[in-house]
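Let the sequences and hints guide you as you build the complete structure.
As a plain string of letters, each chain reads:
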Amino acid sequence: GQSLEQPSEVTAVEGAIVQINCTYQTSGFYGLSWYQQHDGGAPTFLSYNALDGLEETGRFSSFLSRSDSYGYLLLQELQMKDSASYFCALNSGGYQKVTFGTGTKLQVIP
Amino acid sequence: DAGVTQSPTHLIKTRGQQVTLRCSPKSGHDTVSWYQQALGQGPQFIFQYYEEEERQRGNFPDRFSGHQFPNYSSELNVNALLLGDSALYLCASSPSYRVGSPLHFGNGTRLTVT
Chain A
5 GQSLEQPSEV TAVEGAIVQI NCTYQTSGFY GLSWYQQHDG GAPTFLSYNA LDGLEETGRF
65 SSFLSRSDSY GYLLLQELQM KDSASYFCAL NSGGYQKVTF GTGTKLQVIP
Chain B
57 DAGVTQSPTH LIKTRGQQVT LRCSPKSGHD TVSWYQQALG QGPQFIFQYY EEEERQRGNF
117 PDRFSGHQFP NYSSELNVNA LLLGDSALYL CASSPSYRVG SPLHFGNGTR LTVT
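For the protein sequence lines, the chains are A and B, in the order given. Residue numbering for the first sequence follows the numbering used here, beginning at 5 and increasing consecutively. Residue numbering for the second sequence follows the numbering used here, beginning at 57 and increasing consecutively.
I should point out that these hints are in silico values taken from the structure, not numbers from a laboratory. Every value quoted in this text rests on a predicted model; they were computed, and no experiment measured them. Hints may contain errors.
[Claimed, not checked] Output of the computed footprint for chain B on chain A, the stretches with three or more beta carbons under 8 Å from beta carbons of chain B:
no., region
1, 34-43
2, 47-53
3, 99-113
We put the beta carbon where it would ideally sit given N, CA and C, even for glycine.
Dropping the structure here:
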């Protein structure tokens, strides 16, 4: 099977940078995705890493290291609206099954 | 362009009853996945439908079944409801032809079993 582990909670200051780590176990996968979910809302896609290295999308960057079974999401210039839960997820299987991690609740404080 | 729509938004059922949840995928998407999300947890994969067939299934009992229609919409059925089935049920759609394509989620159906 597959499993993904993340820290349960992270607190950071508005304007700062925060990194959310994700370690995983799997026998095979296409890539690692990140999703954001505000309380009471639906998960929304943030980024996808098919290859090792850094992917940058505006204030968000995501990193993957297949050799270390590790990835992270980097959020820069934190804003209050970034307070949400963040999930890493493995894309695998012939029909793009997506398996989600345990989630990290990010609280941004003034 | 409508996104993923789910109905109903909220549902209260009694233990032992049966429930049907519905999902219409985003325009242009042909693959539908269903997830169960308990409070404070990550979405758990239930199953995935493509071309009207169940293609992949997570670790859920046979009480959970589904269907996909020719217009790509989908239903999730849960029989013999248990208290532990209380959760947010999320439907997600994606195009099958792109590896790594994002899942687009609906706002979910909040099921409460009493």
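Hints, verified against the model:
no., hint, verdict
1, 34-43, "holds (count 4)"
2, 47-53, "holds (count 4)"
3, 99-113, "holds (count 9)"
In terms of the numbered hints stated before, the structure departs from none.
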